[in-house]
Amino acid sequence: MSDQSPAAEPLAETPAQPDPAHAPATIAGTVGPPLSHEALTLAVLERFPNVRTHVHRGELTFFVAPEQVVDLLTFCRDADEFDCALLSDLSGVHFPAGEHVIERQVSTTGWPEHRVSRDVGVVEVLYVLRSITRNHWFRVSVAVSDVEGESRLPTVTHLFPTANFHEREVFDMFGVVFDGHPNLERILMPEDWLGHPHRKDYPLGGVDITYKNDKFIPSPHERDLREIVE
Amino acid sequence: MGLENKLPNGVLLTNLERFVSYSRSTSMWPATFGLACCAIEMMAAGGPRHDIGRFGMEVFRASPRQADLMIVAGRVSQKMAPVLRRIYDQMSDPKWVLSMGVCATSGGMFNNYALVQGVDHVVPVDMYVPGCPPRPEMLLDGILKLREQVRTSTFAELADQS
Amino acid sequence: MSVPTQPPTPRPDDELWVEGADWESVVDAVDDERLTVNMGPQHPSTHGVLRLLLELDGEIVEKLQPLIGYLHTGIEKNAEYRAWHQGPTFFTRMDYVAPLYNEHAFCLAVEKLLDIRVPERAEVARIILLEFNRIASHLIWLATGGMELGATTVMTMGFGLREHILDLFESQSGLRMNHAFFRPGGIANDLTDDFEARCEALLEMIPPKMRDFEDLLRRNPIFNDRLRDVGYIDADTCLAYGVTGPILRAAGVPWDLRKTQPYGGYERYDFEVPTSDLADCWGRFEVRVAEIDQSMRIIRQALDQLPAGRVMVEDKHIAWPSQQSLGADGVGNDPEYIRHIMGESMEALINHFKLVTQGFTVPPGQVYLPVESPRGELGYAVTSTGTNKPYRVHVREPSFVNLQAADVMSRGGSVSDVIVIVASLDPIMGGVDR
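Going line by line, the protein sequences match chains A, B and C.
The opening residue of the first sequence carries number 1 in this note's numbering; numbering runs sequentially from there.
The opening residue of the second sequence carries number 231 in this note's numbering; numbering runs sequentially from there.
The opening residue of the third sequence carries number 393 in this note's numbering; numbering runs sequentially from there.
These are calculated hints, taken from the structure and not from any lab test.
One should not assume that every hint holds.
Unchecked claim - If you only want the chain C side, here are some residues facing chain B, beta carbon under 8 Å, derived: (1) M431; (2) Q434; (3) P436; (4) G461; (5) Y462; (6) L463; (7) H464; (8) T465; (9) K469; (10) R485; (11) Y488; (12) T548; (13) E555; (14) G566; (15) N570; (16) G822.
What the hints assert, rightly or not - Simulated crosslink set (DMTMM-like; lysine to aspartate or glutamate; CA at most 25 Å straight-line): (17) C/K455 to A/E185; (18) C/K708 to A/D80; (19) C/K651 to A/D80; (20) C/K455 to A/E191; (21) A/K200 to C/E472; (22) C/K651 to A/E81; (23) C/K601 to B/E288; (24) C/K601 to B/E378; (25) C/K455 to A/D179; (26) C/K651 to A/E59; (27) C/K651 to A/E38; (28) C/K708 to C/D696; (29) C/K746 to C/D507; (30) C/K601 to C/E562; (31) C/K746 to A/E113.
Given the structure is predicted, the values throughout are model-derived calculations rather than measurements.
Virtual Cβ for every residue (Gly too), placed ideally from N, Cα, C.
Next up, chain A with everything else stripped away, as it sits in the complex:
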């Protein structure tokens, strides 16, 4: 397995001394007041005109194309009015192509069956950016294809070293390959695991739960553990 340090390259990026021009992250709000959603949106649309925005429940999300991610995040980190020094979260959501059944086991749960269908399957990768000095935050959403081989995004570990573990997790769980990541290996599952568990086409797994008088319950040695619960 590759032995590269997860911190070797990014360490060179972080300054050895706090940059006095880039005011020290002391008390939230001392460098500047938080920007409103409108101000944030205007500033982003100035530089990146095709970005779509959405505000829901008081939260601002920017929808960008995969090519724009690194530029947008660099801008958000370095621009004075944004000053987003903290990448709070990097996560994925899988929306598969075709018809997808949200409810299974309708017969046992009695829950209504929900089906959704989409033409194109995507893995939506969400970046939550937060500014400590200005005390504002927002989300950047990128939709990458969920087809194996096409599911690629550029890494942001050179901007935010914290993305290291997060990107490994998204790779492990969704199969999105981050180009340029120093150590893209599985992080939660064993290294030789096949499949990406948090995808919707990956089954939950486990064993069939049998109830008394329902059917014959084989002893643990005789159960076929390769049978998975759908």
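Chain A is fixed; fit chains B and C onto it per the hints.
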């Protein structure tokens, strides 16, 4: 290898058996195998309120070679299962396994791809203590029942174990 | 490369004579080897199933690689197959040392999606229990940290004091740990009649015991030597690695989400955010001990403000039937409620049935809701597609992110410092691996 494996066949040693089984039961040293939430309750069982030191077991040995009892406290994931088996193999005879909590017993509420659905798929278990997590009193009850089982076990049974 | 000093008197040729000053010459003569040592996943001091791969030059750590995943439980995926009100039962087992925080963050996220506000009594009760949970979590940190350093008395004292807090939790929720007490819309049952008396008793009991801790540890020379100047990480590096919580506050940044992005009613309480300029393990120790004091301050104010009223939201489409009391038969059925649904109203019965079997539906949307857990920013990114189950819940656990800083904090230190550093990060592997 325990004493029982050194005995020639057909020899009965009742008093020695009773003495050895009694000593083994009263000074069982657990190996630290705390994995998840049950580990916190296991540590609480070692705390001052539910004192596991009353039963001679407050010395949780870090090295499996020095331990008799492996309390598997917590959920065993697919990645951890080979490690669990290796630690079990490193313990010397006689050894016992107590599966603490429902995750160790049967996979618990996590009936999914990530967990081994019961450590008895990986190691032979002598005592199952259900609960999520089991109260320290429940763990102590399980330990006491296991001690009773050990105290009354014969050499023939233990020889079969290895 | 230093020249070996000549011994003062001639020695025979087959004798190797080394004096203190020429150690380098001897060492350089031997090939410089980097030793790779594996610590864990079963190890007495790695705070759970954490595996550390250390590259050592002698005793000095050149590189530290945390390898995780030994406790991966697939909780996030499992929650997609359960209703919204069953979510807290799963998420509470992630960070099992401060379980109420997981529940709180999830419930707040769901309530945000539902666009409801919980009753005030529930809000205040949640905060009281959360702050007690913060105290219990910091006590576990102190106890296990002390044990890893060899101070076993600290472990006994910490766990002994924590038992009293667990008594409070047990009296309210029925469980000592992993309570599943906070539900979307409020809390599961109303508080007991002796809740305030119990809290007051705890608030009386904790300060003298904390003074005992201070007496034992603060001027202890071994504790000082092992913690001071160990694991230094400054504020910028913290932010680059996404480190939040007591570690960031020990680096001098007063960033606490309860103050800067208030949620769940915290804006009504007056408390300080303790910081330290030391940015080492001793600073983190000071910050956590000070946070226990501040938590007690919040609890005191919340107890004064605890109003009467409902503990679950009024909306019958969401509210888990929670006004149930323990009946004479020992079963938790409220006779009034049962009489209503069985005898009086068919709709109420159907509603109860649907609520219990299917749960409520949440309008579609995505939220990210961060709370300040004892370890840092605990964020829940919840996606709903409008059904009765979460479509996707991602948990941003502070321990997962903070572990990345272990490498940069340990370089140049010794192996024994690694233990102290990992202890001061306070990782809980259930949250790291989820």
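Verification of the supplied hints:
A hinted interface residue such as C/M431 counts as satisfied when its beta carbon comes closer than 8 Å to some beta carbon of chain B; here the least separation is about 11 Å, so the hint is violated. Taken as an interface hint, C/Q434 checks out: its beta carbon lies about 6 Å from the nearest beta carbon of chain B, inside 8 Å. Interface restraint check for C/P436: the shortest CB-CB distance to chain B comes to about 4 Å, inside 8 Å, so the restraint holds. Nearest Cβ of chain B to the Cβ of C/G461: about 5 Å, under the 8 Å cut. The hint holds.
Taken as an interface hint, C/Y462 checks out: its beta carbon lies about 4 Å from the nearest beta carbon of chain B, inside 8 Å. For C/L463, the shortest C-beta to C-beta distance to chain B is roughly 6 Å, which falls under 8 Å, so the interface hint holds. Hint on C/H464 holds. Least Cβ distance to chain B is approximately 5 Å, under the 8 Å limit. With a least beta-carbon distance of about 5 Å to chain B, the hint placing C/T465 at the interface is held under the 8 Å criterion.
For C/K469, the interface hint holds, the least distance from its beta-carbon to any beta-carbon of chain B being 7 Å, beneath 8 Å. With its C-beta approaching chain B no nearer than about 6 Å, C/R485 sits inside the 8 Å limit, and its interface hint holds. With a cut of 8 Å, the hint placing C/Y488 at the interface with chain B holds, because the nearest CB-to-CB distance is about 4 Å. At a threshold of 8 Å, the smallest CB-CB gap from C/T548 to chain B is about 5 Å, leaving the interface hint in force.
Interface hint at C/E555: satisfied, since its Cβ lies 5 Å from the closest Cβ of chain B, which is below the 8 Å cut-off. For C/G566, the interface hint is violated, since its Cβ never comes within 8 Å of a Cβ in chain B; the closest pair sits about 11 Å apart. Given the 8 Å rule on beta carbons, the hint for C/N570 holds: about 6 Å separates it from the nearest Cβ of chain B. The restraint placing C/G822 at the interface with chain B holds, with a minimum CB-CB distance near 5 Å, inside the 8 Å limit.
A distance of roughly 18 Å separates the Cα atoms of C/K455 and A/E185; the hinted pair therefore holds under the 25 Å criterion. Distance restraint check for C/K708 and A/D80: the Cα-Cα separation of roughly 48 Å exceeds the 25 Å cut-off, and the hinted pair is therefore not satisfied. Between C/K651 and A/D80, the direct Cα distance comes to roughly 23 Å. Compliance with the 25 Å bound is thereby established for this hinted pair. Distance check on the hinted pair: C/K455 and A/E191 sit about 21 Å apart at the alpha-carbon level, within 25 Å; holds.
About 10 Å separates the Cα atoms of A/K200 and C/E472, which keeps this hinted pair within 25 Å; it holds. As the CA atoms of C/K651 and A/E81 are separated by approximately 22 Å, the hinted pair is consistent with the 25 Å bound. Distance hint between C/K601 and B/E288 is fulfilled; the C-alpha atoms sit about 23 Å from each other, no more than 25 Å. Between C/K601 and B/E378, the direct Cα distance comes to roughly 38 Å. Violation of the 25 Å bound is thereby established for this hinted pair.
Only pairs whose Cα atoms come within 25 Å are accepted, and C/K455 paired with A/D179 is accepted, the gap being roughly 24 Å. Taking the CA atoms of C/K651 and A/E59, the gap is about 19 Å. The hint holds against a cut of 25 Å. Only pairs whose Cα atoms come within 25 Å are accepted, and C/K651 paired with A/E38 is accepted, the gap being roughly 24 Å. Pair hint C/K708 plus C/D696 does not hold up; C-alpha atoms about 30 Å apart against a cutoff of 25 Å.
Taking the CA atoms of C/K746 and C/D507, the gap is about 21 Å. The hint holds against a cut of 25 Å. Restraint check: the Cα-Cα separation between C/K601 and C/E562 comes to about 21 Å, which is no more than 25 Å; the hinted pair holds. Between the alpha carbons of C/K746 and A/E113 the distance comes to roughly 14 Å, so the proposed pair stays at or under 25 Å and holds.
Against the hints set out earlier in the document, violations occur for numbers 1, 14, 18, 24, 28.
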